[in-house]
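> Sequence:
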Amino acid sequence: MRGRRLLVALLVLGALAEFDGLVAEAQPAAVPPTRLAVLTRGVNLGNWFSQAPGGRQYQHERLRHWIEADEFGALARAGFRHVRFPVEFEMFFDEDHPSELKPDFLADFDLALDHILGAGLAVVVDFHAREDTKKRLRTDDAFVAKVGLLWGAVAGHLAGRDPDRVFLETMNEPLGDMAAPRWRAIQARFFSAMRAAAPGRTIIVTATRWDAIDELAKLEPLPDGNVVYTFHFYSPMVFTHQGAAWVHNGERLVAGLAFPVAPANRAAIAGGLADPKIRSMVLAYAADRDVLAEQISLAAQWAGSRHVPLYCGEFGVYTRAAPPDSRQRWLTAVRELCEQRGIGWAMWDYCGGFRVALGDTPGDRSLDPTCLQALGL
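Its first residue numbered 1, the sequence shown is counted upward by one per residue in this note's numbering.
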């Protein structure tokens with residue numbers, strides 16, 4: 001145990017020393033206001049180059065046609081300014097040659113970026129690491145170094161893209177059991193590789209525990225001005241994830257829970273639940289706009305006291321079981337609270353379970369007018 005703690009400490013010190021040395025040479029300026037302006041009014045392109053059902057994302061036909069080029073034009077015309085593009089970099093990763101990108105899917109990746117940028121949208125390229133990758137990062141130092149080289153190669157591949165319209169995000173949602181010092185060291189290593197390959201690029205960074213606000217509040221800013229800090233917001237989960245089969249705290253058994261909290265509705269939902277633990281979770285639900293404001297203000301106060309820009313990279317409500325009018329009120333509240341505090345945002349997601357798009361056929365989708373209204377579009 002003592003040896004492991006020493007190894008982690010050496011990893012932290014080594015990564016931070018490497019990062020500090022790079023910053024001492026470069027000292028990038030603050031994020032240009034024009035870039036912050038496009039990091040508003042965004043939507044996530046989930047379940048395309050990441051998290052596709054059954055591993056089908058690694059198929060050329062799906063990568064090329066799951067979202068068609070004209071759909072990006074519709075997003076731009078609706079008023080979106082950027083998209084967050086979750087990508088599993090594992091599709092480019094050769095562990096024996098981590099600084100060389102496997103070419104198999106690069107053309108598909110580049111074509112997607114061409115379509116996004118061609119529609120007039122900016123893009124956040126998000127390393128949406130698979131769960132097996134995240135678990136290895138937690139314990140495998142050699143793997144951390146290899147993934148850092150991978151990020152440097154991806155950043156180098158994107159070096160020719162317009163830095164005012166292409167942003168890089170270190171990694172999506174580090175695991176909940178990733179210790180903060182460990183993640184700080186990993187992110188510093190990734191950042192060093194990214195900054196070396198893309199000196200003027202704006203990079204988006206995060207805290208651990210699934211990009212949580214309370215973890216962000218513990219983070220000290222990096223010694224680099226060209227950085228945006230992100231968090232994700234799905235509070236309270238019992239409302240935003242009701243009916244979701246992949247969560248394991250009982251939310252999947254909840255349906256019809258209203259926002260803001262209505263005592264009669266809450267009691268009726270709880271009364272239909274057999275499991276006392278889940279019933280207690282529903283009875284403890286007490287969210288309204290003021291509760292959301294208090295939570296988002298924690299992030300805003302942290303950023304304001306440190307004079308750094310903030311970005312809500314994900315927020316949304318699963319559509320399967322939430323009442324549509326409650327979903328609209330929650331989206332409206334979160335979007336307005338972010339905008340009032342100068343926080344850019346990207347809703348989760350475009351055409352998945354939290355969708356802004358109606359229809360499941362590529363190229364034949366339309367945008368949900370009630371969702372657009374909630375987003376101020």
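The hints are simulated quantities; they were obtained by calculation from the structure and are not laboratory data. Take the hints with a grain of salt, since some may be wrong.
Said to hold, decoys possible - Per label pair, the in silico range of CB-to-CB distance:
hint, residue 1, residue 2, range
1, Glu131, Asp104, 19 to 25 Å
2, Ala29, Ala264, 52 to 58 Å
3, Glu131, Ala37, 33 to 39 Å
4, Ala179, Arg306, 29 to 35 Å
5, Ala37, Ala286, 19 to 25 Å
6, Ala264, Thr139, 45 to 51 Å
For clarity, every value in this text was computed on a predicted model and none was experimentally measured. Here a beta-carbon is modelled for each residue, glycine too, at the ideal position from N, C-alpha and C.
> Run every hint past the structure and note whether it holds.
Verification of the supplied hints:
{"no.": "1", "hint": "Glu131 x Asp104: 19 to 25 Å", "in the structure": "holds, 22 Å"}
{"no.": "2", "hint": "Ala29 x Ala264: 52 to 58 Å", "in the structure": "holds, 55 Å"}
{"no.": "3", "hint": "Glu131 x Ala37: 33 to 39 Å", "in the structure": "holds, 34 Å"}
{"no.": "4", "hint": "Ala179 x Arg306: 29 to 35 Å", "in the structure": "violated, 22 Å"}
{"no.": "5", "hint": "Ala37 x Ala286: 19 to 25 Å", "in the structure": "violated, 36 Å"}
{"no.": "6", "hint": "Ala264 x Thr139: 45 to 51 Å", "in the structure": "holds, 49 Å"}
Checked against the numbered hints given earlier, the structure breaks hints 4, 5 and satisfies all the rest.
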